[in-house]
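There are 2 protein chains.
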Amino acid sequence: METPMGLLVVGSIALDSVETPFGRTEEALGGSAVFFAVAGSLLHPVQVVGVVGRDYPMGELQRLGQRGIDLRGVTVADGESFRWSGKYGFDLSTRDTLETRLGVFANFRPVIPEAFRDAEFVFLGNIDPELQLDVLRQVHRPKLVACDTMNYWIQGKRTALLRLLQEVDVLLVNDSEVRELSGDWHIHRAARWVLERGPKFVVVKKGEHGAVLVEPGRTFYVPAYPLDDVFDPTGAGDSFAGGFMAYLAHTGDLSSANLRRAMVYGSAMGSFAVERFSVARFEEITLADVRARVRAHKDLVHFDLDADL
Amino acid sequence: METPMGLLVVGSIALDSVETPFGRTEEALGGSAVFFAVAGSLLHPVQVVGVVGRDYPMGELQRLGQRGIDLRGVTVADGESFRWSGKYGFDLSTRDTLETRLGVFANFRPVIPEAFRDAEFVFLGNIDPELQLDVLRQVHRPKLVACDTMNYWIQGKRTALLRLLQEVDVLLVNDSEVRELSGDWHIHRAARWVLERGPKFVVVKKGEHGAVLVEPGRTFYVPAYPLDDVFDPTGAGDSFAGGFMAYLAHTGDLSSANLRRAMVYGSAMGSFAVERFSVARFEEITLADVRARVRAHKDLVHFDLDADL
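As you go down the protein sequences, you meet chains A and B in turn. The first sequence: position 16 = 137 (the working numbering), numbered continuously. The second sequence: position 297 = 418 (the working numbering), numbered continuously.
Do not take every clue at face value.
Intra- or inter-copy, both count: the list cannot distinguish identical chains.
Restricting the straight-line Cα-Cα distance to at most 35 Å, the calculated cross-link-like pairs of lysine-lysine (DSBU-like) are [claimed, not checked]:
| # | residue 1 | residue 2 |
| --- | --- | --- |
| 1 | 419 | 278 |
| 2 | 264 | 208 |
| 3 | 419 | 321 |
| 4 | 327 | 208 |
| 5 | 264 | 419 |
| 6 | 327 | 419 |
| 7 | 208 | 419 |
Honestly, the hints are just simulated from the structure, not real lab data.
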């Protein structure tokens, strides 16, 4: 049997305390690498590189590891784990960060284990762009590199970020980030600004308004799957990235048609993420549920012009 | 040759003065019935019922009439025409109404000419729901009735509006309106609330975030066509309604598959409306342009699952 394509994520591993209008959770598994890996591993094995403190509930992480997540790149460091707490407004479209305690994440210097350096698919979660560049110096010849970033780095590490963009294939960010990066409020123009600086594709996540894949000369739009009850939006974007990258790694196909399918798998994973706190929903579902939601996505947007005017 | 299905719109005929970040226009053709008719007539003849003052530029209206708009239902009354002026914010997502002068529109009592009373497709633009009900008493046996409304009537004429809903097939409103009407901020739940009160379908327009068709048990989403330069959003919703209804009237088919196509034609018309001030863009284009944009819509959302996991 063929060895599956390696899929590597480097990012945060956190403990999230979240309050929404529907409830609250304390110190639940969170962080970009965790959401990415738990969502992605429904489709394809995921290799994780990150750091936790000695207080991290490694048993819970290892339980998730049994789902096809390789944790050999997770370092346990002296100190406290990264903690984030936030509170969402009544319609879940706004959130306030109550507290961010970086702990051992403040000194995170990703070291890619030898066993992961041949990964063909690499996702650089939202960390300092200099560290993202450093990861790229450690991996051999990835077939596809995607990265996320945030306003903090766009403002504070712009030069490093622009250098990073020259080396990545996909920038995967939310709408406010691509606007701030490009200085253009118009998302499609902003995405094309990015395309001129290195990436071959830009994925712009717009939360409840879906996501857009911008390629040179072609755009694909996938709506957010309409859920009756959104419970907690935390991690939706990283779960989207996990579904997107894992679908590509599993199929090994970078055609435009397949990138579109990957967007739909990403959107499906984002929709599962928000149905429960933390990664709880992913522990309830199987590939069959994912496929059913992907088909529901198709029914949501499909129309035919066979009987047209 | 078969007589085409009659398509009737009752609504406002106005003179709009609009300022956007890109320019301004003074006393240009506007109003719900005008945008509806000019967009719709690209697909199918439209019958208009409305009122103007003696100061209205009837020559301009008649020029448009040559495109398949029957103006026999337009009454010229003593007094000033309805005037609206507004100013849009830098990203066109907010607007301030600077002035509304109802003029002869304040005493508008729609009288449907005998020649229009057999219309199979009826669109009740945003006027007092008691007047919308009165229109329904004048038409014979329409095949499909759609209506629009606004927050002013939702607040001030709720009883009449709920009575109207019992007699219409399609409610076509924007997101803030369906939220206010239902008291539920969640658009899909709000739309289902409406479905329990009469209409068979609800169309929710979300501006730059597209539009949703909610049927019992099935939902269709069409994104707004991504334009590089949105010039003036005024009239986009009424142009959407014109495209939607004219497509249905032209095809005479109310199947779910055809309603979806009608949504895409509506979205295409909305996208043309915003490319110029007033109805100017519709005077530049032909059916071929509309069809090309509909095909571009398909490319924007299409994906296939033939090669799926």
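Here is how each hint holds up against the structure:
For a Cα distance limit of 35 Å, the shortest separation of residue 419 from residue 278 qualifies neither inside one copy, at 39 Å, nor across copies, at 39 Å. In this homomeric assembly, residue 264 and residue 208 never come within 35 Å of each other (Cα to Cα): the closest approach is 38 Å inside a single copy and 49 Å across copies. Proximity of residue 419 and residue 321 under a CA criterion of 35 Å is satisfied in both settings, with 25 Å inside one chain copy and 22 Å between copies. For the homomeric pair residue 327 and residue 208, the shortest alpha-carbon distances inside one copy (19 Å) and between copies (26 Å) are both at most 35 Å.
When the C-alpha separation of residue 264 and residue 419 is checked against a cutoff of 35 Å, the pair qualifies both within a copy, at 28 Å, and between copies, at 30 Å. In the homo-oligomer, the alpha carbons of residue 327 and residue 419 lie at most 35 Å apart both inside one protomer (19 Å) and across protomers (20 Å), since each shortest distance falls under that limit. With identical chains, the CA atoms of residue 208 and residue 419 are at most 35 Å apart within one copy only, with a shortest distance of 33 Å there and 39 Å across copies.
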